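Could you slot chain B onto chain A? The hints should help.
Protein chains: 2
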Amino acid sequence: MASSFLPPERLLLGPGPCNTPREVLKALGRPTIGHLDPAFLDLMNQVRDRLRTLFGTRNELTIPISATGSGGMQAVLSNLIEPGDRVLVGVHGVFGKRFADCARRLGAEVVEVECTWGGTLDLSALSAAAEGRFKLVGAVHAETSTGVLLSPSCLGGLREIADRTGALLVLDTVTSLAGMPVELDERGVDATWSGTQKCLACPPGLSPISLSPRALEVLEARSTPVTSWYFDLSAISKYWGAERAYHHTAPINMIYGIHEAMGLALSEGMDERFERHTKAAKHLCAGLEERGLTLLVQESDRLAPLTSVRIPDGVEDAAFRERLLEEHGIEIGGGLGPLAGQIWRIGLMGENATKATAERFLHAYDALSR
Amino acid sequence: MASSFLPPERLLLGPGPCNTPREVLKALGRPTIGHLDPAFLDLMNQVRDRLRTLFGTRNELTIPISATGSGGMQAVLSNLIEPGDRVLVGVHGVFGKRFADCARRLGAEVVEVECTWGGTLDLSALSAAAEGRFKLVGAVHAETSTGVLLSPSCLGGLREIADRTGALLVLDTVTSLAGMPVELDERGVDATWSGTQKCLACPPGLSPISLSPRALEVLEARSTPVTSWYFDLSAISKYWGAERAYHHTAPINMIYGIHEAMGLALSEGMDERFERHTKAAKHLCAGLEERGLTLLVQESDRLAPLTSVRIPDGVEDAAFRERLLEEHGIEIGGGLGPLAGQIWRIGLMGENATKATAERFLHAYDALSR
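Protein chains in written order, with this note's numbering: chain A, 743 to 1112; chain B, 743 to 1112.
Hints in this document: simulated from the structure, not taken from any laboratory.
Computed from a predicted structure; not experimentally measured.
Take these hints with a grain of salt, some might be off.
Pairs count within a copy or across copies, as identical chains cannot be separated in the list.
Stated by the list, open to error - Derived SDA-like pairs (lysine to any residue); straight-line CA-CA distance at most 20 Å:
1. K839 with Y988
2. K980 with Q1040
3. K768 with P750
4. K768 with E751
5. K768 with S746
6. K768 with L748
Bound-form chain A, shown alone (with noise of 0.2 Å):
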């Protein structure tokens, strides 16, 4: 009667969900048990500290939290902002606006720093915006928009800014996580929120977050409750720490597939993953290149896992992507914001990330080209 649903296939190379391997597919699908289950507890710390390794840190809150990406950014900043706190935001695409609505509908007095889509953050304009004292000090780590990452050197100025301000320095870390480096303790990074459909090749519906210590500091001292029930992480890290005290019922079999989908990561060695990640970029952006194709980003602030190209004069954006998901069952993205309509999003994550992916591409865009 009611009719199933059996999805087309898709290689999808836009800006997330990548495809999900087999594996975390099969674990997806693997029979429900109770929230307080021994064995499902026991889960929840091997997620953990797999999490820690993923985020390269020791940082004892870290947990996926059970809402897709924005739900981490929305959880993260409930509990560190409260009303009247300053926060200053280096913007250099939608999500760094994102990141800066959201502080401000929590009634943060918000300092944007807006700096150029495509390109890195402008340090020197964010320090002169940095009079006084802040609460955070925020950024975008992968410009989902625009396929631009951080460089650390760009993260140790945010450091320092932070230091010389009395702030958090939080950073969304989306589509890097499990793509490219994070090394949250490293680059002294004190909150950060991700997505699992991204470089972690799982399913969205989860958002890995993590707090350092002095952020933990923060959210105790705070004056106001945090005025989300769902999102409270003093209620919620009672949940996952060892008093299990009930809050909400943990998304199960998602947490099966995060669980599997860091276990590859892991498996297959970080430093592995992100150079695959490198080179399969470097080699779809060479060949964008020798089309004549324009990247959007420089070479030196190139996000690997997401690839910007301008598109080319003549070609209609959404004809053309409507005929590589039909006739080549390719997704990619399209632009967003003042972006729309100027440039195609290619993601190579996860198990995309290999060469022979990015010539399927290359070869779907030749075709489609003649």
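For chain B alone, kept in the frame of chain A given last:
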């Protein structure tokens, strides 16, 4: 190297999750596609249609929120409440308390009418407390902490109080949806949230919600922005609506799951499904009473999907449930809050709502009581 998680075999007879049917597990494990793929947009429409049937509503804004059940509560209340709003909540268990707590954190002036836990709501006490104007009148349709269902006439009484005080009627339907009639339109419910891991028999991870046109008017008339970016229903409804405006990435594979689970429910027929839940519960209750156990709730107030029974004298709660899990592979729930250590909560939800499953519990109980 990094190992996979293989869940132990369990019969899930707690307060949810229940066992996930094979068809739904299969759906969860189907290949991920993009959240803006035409095939996925089509699926979203089907999900909305099926949800409307389940809820008994024609409400346009009827969607699954990308979070677990309490996330739906957070979404509904974050959007309908502004600081200073007056909210009347009938409390007869943990989830009524949670409702009140969530509203209070959002700045509402909350009037809690605490009724007996294990009984239905005291309408005259609620009516007496309903002085002046209120923004919301709310309650929990199916109290998962006690196993009490509000009768249609009780809901009618709440609707009258809402009418008299100019309020919207808001209902938590987490443990009733797809197991007992909800009938939002017929009963004049303006807003509700539910879960997937109860009678719908889909793993946790989504929260179906529905808002009436009257609730949408309240939403549109807000004088302050919704403080939660993630749960901003104006933006979310544009993603689920004709605009398809990107907000966040939907949890693709979970959407496959809820679509399949709703398909199973609709294929069975809602009336048949309700009757099955009712018959199974009656069989369980009779079996428990035959064995000399005392049910917490009087017959007229019982929630079929979840039966609460007093722990017999001389039986140690934790030890019994541990043996039940280890020796029989059966999970049941303990009491929450003041009922911890006092009751067990036995769920016959989804596929488990059969006499045969009730018998499996009763046999295990007999074996452990010898």
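Hints, verified against the model:
1. K839 with Y988: between (34 Å within a copy, 14 Å between copies)
2. K980 with Q1040: neither (45 Å within a copy, 35 Å between copies)
3. K768 with P750: both (18 Å within a copy, 15 Å between copies)
4. K768 with E751: So K768 and E751 pass the 20 Å test inside a copy (17 Å) and across (16 Å) alike.
5. K768 with S746: both (18 Å within a copy, 10 Å between copies)
6. K768 with L748: both (16 Å within a copy, 11 Å between copies)
Of the numbered hints stated above, the single one contradicted by the structure is hint 2.
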